[in-house]
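Chemist: Sequence:
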Amino acid sequence: MASLLEKATRFSALHTKPGIIVLPNAWDPGSAIVLVEAGFRVLATTRTLTR
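For the sequence shown, this note's numbering gives the first residue as 41, with consecutive numbering after it.
A couple of the hints might just be wrong.
[To be verified] Derived Cβ-Cβ restraints for the label pairs, each shown as a range:
#, residue 1, residue 2, range
1, A48, F80, 25 to 33 angstroms
2, T86, P58, 13 to 21 angstroms
3, I73, K47, 16 to 24 angstroms
4, S43, T85, 24 to 32 angstroms
[Stated by the list, open to error] Taking lysine to any residue and the SDA-like style, the derived pairs with C-alpha atoms no more than 25 angstroms apart in a straight line are:
#, residue 1, residue 2
5, K57, E77
6, K47, L63
7, K47, P64
8, K47, A66
9, K47, V62
10, K57, L75
11, K57, G70
In case anyone wonders, no lab produced these hints; they're calculated from the structure.
Positions of the beta carbon are idealized from the N, C-alpha and C atoms, including for glycine.
Please model the complete structure; the sequences and the hints are all you need to start from.
Modeler: Have a look at this one:
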């Protein structure tokens with residue numbers, strides 16, 4: 041699993057590429073899986089998915 045620093049570095053790198061960043065919001069683990077399988081590389085989460 042990637043460290044917090046690695047995740048932050050990858051997220052920051054998305055801001056240097058052309059285009060927009062689409063952050064779909066996963067409201068539960070099932071929707072997060074569906075969004076990842078749909079090809080989204082970055083997800084927003086609700087408070088219930090965070091520790």
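Chemist: All hints are to be evaluated individually against the structure, with a verdict given for each.
Modeler: Against the structure, the hints:
no. : hint                            : in the structure
1   : A48 <-> F80: 25 to 33 angstroms : violated, 18 angstroms
2   : T86 <-> P58: 13 to 21 angstroms : violated, 29 angstroms
3   : I73 <-> K47: 16 to 24 angstroms : holds, 18 angstroms
4   : S43 <-> T85: 24 to 32 angstroms : violated, 18 angstroms
5   : K57 <-> E77                     : holds, 22 angstroms
6   : K47 <-> L63                     : holds, 15 angstroms
7   : K47 <-> P64                     : holds, 17 angstroms
8   : K47 <-> A66                     : holds, 18 angstroms
9   : K47 <-> V62                     : holds, 16 angstroms
10  : K57 <-> L75                     : holds, 21 angstroms
11  : K57 <-> G70                     : violated, 29 angstroms
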